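Please arrange chains B, C and D with the ligands on chain A, whose structure you already have, making use of the hints.
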Amino acid sequence: MPTRKKKKPKLAVFKFASCDGCQLSLLDCEDELLLLADAVRIASFAEASSGVLRGPYDISLVEGSITTLHDVERIREVRAQSRVLVTIGACATAGGVQALRNFRDVKEFARIVYARPEYIDTLATSTPIADHVKVDYELRGCPIDKRQLLAVLSALLSDRKPSIASHSVCVQCKLRGNVCVMVAHGTPCLGPVTHAGCGALCPTYHRGCYGCFGPAETTHTGGLEWALVAAGASHEDIARTYATFNAAAPPFRRAQEEQLVQIRPKEGGRG
Amino acid sequence: MARTIKVDSLARVEGEGALIIRFKGDKPTAVELRIFEPPRFFEAFLRGRAYLEVPDIVARICGICPVAYQMSACHAIEDALGIRADGMLRALRRLLYCGEWIESHGLHVFMLHAPDFLGYEDAIAMAKDHREWVTRGLGIKKAGNAIVAALGGREIHPINVKVGGFYRVPTRAELSALLPVLETALGDAELCLDWAARFDFPAFERDYEFVALRHAEEYPFCEGRIVSNKGLDIDLHAYEEHFAEQQVPHSTALHSVVRGRGDYQCGPLARFNLNFDRLGGRARDAAQRVEFVPPCHNVYKSLLARMVEIIQALDEAIRIIHGYAPPDAPAIAVAPRRATGHGCTEAPRGMLWHKYTLDEAGLVEDARIVPPTSQNQKCIEQDLWQLAPTLAAMPHAAATRRAEQAVRNFDPCISCSTHFLRLAIERED
Amino acid sequence: MPVVLAAADLDALVQALAGRGYRVLGPVARDGAIVIDDVRRAADLPIGLEDVQGPGRYRLERREHDAFFAFTVGPHSWKQTFHVPVERLFQIRRQQDGFSVIPDAAPRQRVALLGARACEIHAIAIQDRILIHGEHPDPRYAARRSDVFVVAVNCRRAGNTCFCASMGTGPRAERGFDLALTELIEPGEHRFLVEIGSDDGAAVAAELPVRPANPEEIGAAASVSERTAAAMGRRLDTSGLKERLQKNLEHPRWDDVATRCLACGNCTMVCPTCFCTEFEDTTDLAGETAERTKRWESCFTLGFSHVHGGSVRSSIKARYRQWLTHKLAGWHDQFGTSGCVGCGRCITWCPVGIDITEEAAAVGLPKKDG
Amino acid sequence: MSVSPAPDPMLPEPLRIARAKRETHGVFTFELDVSARGGFPFLPGQFNMLYPFGAGESAISISGDPHRPDRLEHTIRAVGTVTRALERLGRGDVVGVRGPFGSAWPVREAEGSDFVVIAGGIGLAPLRPVVYHALRHREAFGRVALLYGTRTPDDILYRKEIERWRSRLDVEVEVTVDTAGSDWRGNTGVVTKLISRAAFDPGRAFAMICGPEIMMRFCARELERLGVSLDRIWITMERNMRCGTGLCGHCQFGPSFVCKDGPVYRYDRVLDLLLVREV
Ligand SMILES: Cc1cc2nc3c(=O)[nH]c(=O)nc-3n(C[C@H](O)[C@H](O)[C@H](O)COP(=O)(O)OP(=O)(O)OC[C@H]3O[C@@H](n4cnc5c(N)ncnc54)[C@H](O)[C@@H]3O)c2cc1C
Ligand code: SF4
Ligand code: SF4
Ligand code: SF4
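Chains as they are written, first to last, in our numbering: chain A, 1 to 271; chain B, 1 to 429; chain C, 1 to 370; chain D, 1 to 279.
These are computed hints drawn from the structure, not numbers from a lab.
Treat the hints loosely; a few may be bogus.
The calculated DSSO-like cross-link candidates involving lysine-lysine, where the alpha carbons are at most 27 angstroms apart (straight line), are [what the hints assert, rightly or not]:
1. D:260 <-> C:242
2. D:21 <-> A:161
3. C:247 <-> D:260
4. D:160 <-> D:193
5. A:8 <-> B:128
6. A:7 <-> B:128
7. B:378 <-> B:230
8. C:242 <-> C:317
Which bits of chain C does chain A cover? Going by a derived footprint, with three or more residues having C-beta under 8 angstroms, they are [unchecked claim]:
9. 26-34
10. 256-264
11. 300-314
Partner residues are not named here, just some residues of chain A that face chain C (Cβ under 8 angstroms, in silico) [as the list claims (entries may be wrong)]:
12. 32
13. 38
14. 151
15. 154
16. 165
17. 170
18. 171
19. 230
Quantities reported herein were computed from a predicted structural model and do not represent experimental measurements.
All residues carry an ideal CB built from backbone N, CA and C; glycine is no exception.
The shape of chain A in the complex, shown without the other chains:
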């Protein structure tokens, strides 16, 4: 059977509001980088190259969230130029840590950081790419897992649907033979409601998962509350735990609200 005969596909990497960590994952594939360069033409990747090829692109990796009006325009252009668009990371798939602003007043935030907030031009919300354009595949994580990134690129290059398991972190945790930190140590862990992909890193290092891969396919946060409370977490603690890198992902956002509701009446009762 002949080898892949097609013309080398064009790969592009685009960045919106982010820490650059997810695209760095590509450069962190030290063993595969040159092989990848043999398999694709890197058409646009500002972090790594000043060379830019014009679109359309066969595969676009998009990092970061939408936080300015200019971003809104730019992501539409990217979409128009991309055959397959893959969002990478919590910023791009859920709004990232900067979506914490969605719950509060941005102007106030700007004042805390900047003496003269009038210089800062930014939207009130940080939103995932899928809120603005159609996304073909999502890679979760803050940051993404580089093995998953390679698996997705290899799949797309072979016209295969990438297999991105969306079940809980617990499945991976058990595959690794870890001792459950929640059951055996009483450490609160978001593994049961968090999307797999990291390989159950945190439990492997004896800490509870803090949800950086965002909500799993089935996110029963109401059920998990029992275990978190049994492990000594307060409603405030639980609410904060959901409010990190995937704070704006709907199931986590709801989970946070479920907790906040339980705090507020108590305060009222005291007063």
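Here is chains B, C and D with the ligands on its own, set in the frame of chain A:
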């Protein structure tokens, strides 16, 4: 005649910004390093968070140097809580930091900066003619990442850093497994320094104020006094008295200055110049062999300083691993209290200063973070002011490349400061 | 005839096994639990440790004794030794005129299981039935199972989540072992009653400093098992259970458990008999080499029942029902045995402590109206 | 003496595509070259797992003539990743094959009865071997009817063959489509409607149905209404299928595995389960 040179994207830097240089004739009239990376308001998000969450949250400021953020935050919070992670815990933190320096410097030297000196768009194009060097560089970078992944759980945003130490400390065997990779990388790094020393460095010097940490015995990572070649020598608690942050309309990053003096340079070249005597034998010998010795005022040679620091970090990492015995507990016990603490560590790109005020429950009341890139931003602009006449005399494309290279000397991490550089050189002849 | 081995000589057993080329696997304390790992000497065993288990809770506690086997079962099971969590099946290389399949060789291993409990021996037998004695044997599993020496240990304590007695799978190992130990601890005397279950077992025993057991010792061992059986933390009434479950697929209890179940899959992963697997096909970047790996899968994932158009079991209710009815009922139809050996792992390691015995009993109950 | 280990049922066997034929838009038939292995015996209703290089695997019924083991045929509808990857292959390309797996249509048991074969859409593919069998052993059956429904006239599979069958006087072939243009002169409406019009004696009928689950249920109900005994109606089930050998667990359907106890089931044995949601 008005001449405008415009380059829409300055690549191979972390983040988004633009560069504008305006000329009247050969004279620059404006130099603006425009950073319009959308701000991410970390200091504001940190308010109300528990102290244990801070290292995880601040890591997300920058994917390139998350360990630096975690280290400065831990030190500042530990300072507030009145504890110190000593002994093996301290050694492990240094080891983790070594990993990040190796990785970050390796990335910059081989993938971002060297292509400038050799005239390529990127390391991949460079690899066509210089495959062995790129392969060595990737090997060095990988060695750094291997340390971070082993100790921190993963290369980017490690999950194992905790106020007071770690969540889990490695076994001796886990660390020893790294040794062969590190030994190979160390030998390669020495060869690469010799290779890089032969690059054609533009003759460009300026009378910089170099600022860095200085420690009594060690090449600085996490601790020391803040010193400069212009007489500064302060405790890090006094940082705010001596440094000021200014906001400029063309940037979402704040500019730092030494009060009363102005721009300064931090980062590898500053550390090298101020701490040459603290380098280990292996790194010092390597630097001397290629006749790279302080004081060096040519910022293009910061690439060499990075290479020397890679050697230093690999050498030190190997030493730490040889001397490692797992500590009794992965972290020291911590109890929250109301207090303010300061932490300053040497990120790959330079000093990273944090200050936190905690309430009695250990929730953050106030946070301040001064990243290296905002400290260097003014210095970069000043370099470009001085470089401008040279640029004006050069053909458009070459001028643009040279200006970008000058910015890249600093390995600016715009994600940190708040990213993508667009360069516009406008000339009015 | 049973023999007696002094506790101080237990290491001789470990060395005898190692000397015969077995990789000795057994209970080892790690990360706050008793897991299965290499045992190089008897001192590696979790001496003096007991596990305190409950629904969704496990703690190791040190006791004032030096028993080697005072705990019950931990998060690991021998499943990981034979039906391994992840394995590659084959690679496929593209060739000029097609492709060639390069199977991964069936693994060879010579292992001794030190401290297998009665329930676990039953679990292994159940997996053997599925993976070796079915129409299409799994050659890799069969290879891993082919050279195994089993040292059973009869439980001295029953855990709070154990219910082997009601499943007829314990606490005493009746067969399926080469040697079976019952730890006897009396003031001033700490020894093992060793029963011999095979010729290999007899050969190993012959190398040990043992002496014939006396009737008191045999009686003492029997009463250890009796006491343990009486102390079982839980029980499951299996009479008519299969029919009760299969007739009650619309019982309101399924909705009730769905409000608690997280669908995280922990129960299936820790279960020593759950055998479901997922296959993943991957290719290298150049698209020249492909491979297929197999890993444990859980019926609690959405992908498990995915067909073109969506998942058959999209609700947690349906997924929990699938698990429980398969385990306790469908298994009888498919393999002529229950899929549950009463080890209690799924109760302990469920983060929210859902109890299979309670759920199964409740589904059998008449529907409450309203 | 050494015992050779059982062959690994997980290893795909590379077979070359000898013929590829487009049936309709999105449906195609491959004939695989099995000459080197001395043919590929199978029972009507059995399926293979097909593997296009690197793309994954799908369960696909064998759609050829069970009396011609020298010709291994599959008819495939391209719906997703694997089936589209198969669609891209052509004559000379190689497909990985594992099988045959699964239960068979009880064609021998149906002998002596009036025989009703009902197919919907791609469901004709798994039933085609049954039709071949019935036609080859025509004398063993009473009346034989093939009732086939598709969405539109363009979706009709094996057109020429159906014409050939129809031209025989000893089988009744009825085709219906859900919707059609004015040039369609055949039946329209759901396949269920054909049942009461077909000529067979419900009292001695034997039926086999393959199609979407809902279609099979309505057909079975109609047969029941006409008086066909439920234990003489057979259907097929579809579930997620990975190993094909009853080891991976994915295809569980109540107390059975679709890959080995099915895909062909006697209707009365699964009727209760079909009525429960999400089994
Ligand atoms: C016994 C049996 C016989 C069949 N016979 C035929 C036939 O003759 N002709 C025909 O065209 N189709 C047949 N099918 C259906 C065919 O298997 C599915 O359409 C095909 O698997 C879809 O795969 P895909 O990757 O192209 O689709 P996608 O929708 O892209 O599938 C994506 C993913 O869905 C899952 N998935 C979807 N359906 C299945 C499935 N049935 N088994 C396992 N995983 C699945 C897998 O995870 C797959 O990777 C049969 C199915 C069964 C169970
Ligand atoms: S998801 Fe996390 S790692 Fe990725 S870019 Fe955003 S902040 Fe960085
Ligand atoms: S440690 Fe966390 S992720 Fe692992 S099994 Fe327990 S709950 Fe799940
Ligand atoms: S365990 Fe959770 S928080 Fe930790 S790395 Fe994985 S997904 Fe992120």
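Structure-based check of each hint:
no.	hint	result
1	D:260 <-> C:242	21 angstroms, holds
2	D:21 <-> A:161	25 angstroms, holds
3	C:247 <-> D:260	24 angstroms, holds
4	D:160 <-> D:193	24 angstroms, holds
5	A:8 <-> B:128	17 angstroms, holds
6	A:7 <-> B:128	20 angstroms, holds
7	B:378 <-> B:230	17 angstroms, holds
8	C:242 <-> C:317	19 angstroms, holds
9	26-34	holds (count 4)
10	256-264	holds (count 6)
11	300-314	holds (count 4)
12	32	6 angstroms, holds
13	38	7 angstroms, holds
14	151	6 angstroms, holds
15	154	5 angstroms, holds
16	165	7 angstroms, holds
17	170	4 angstroms, holds
18	171	5 angstroms, holds
19	230	7 angstroms, holds
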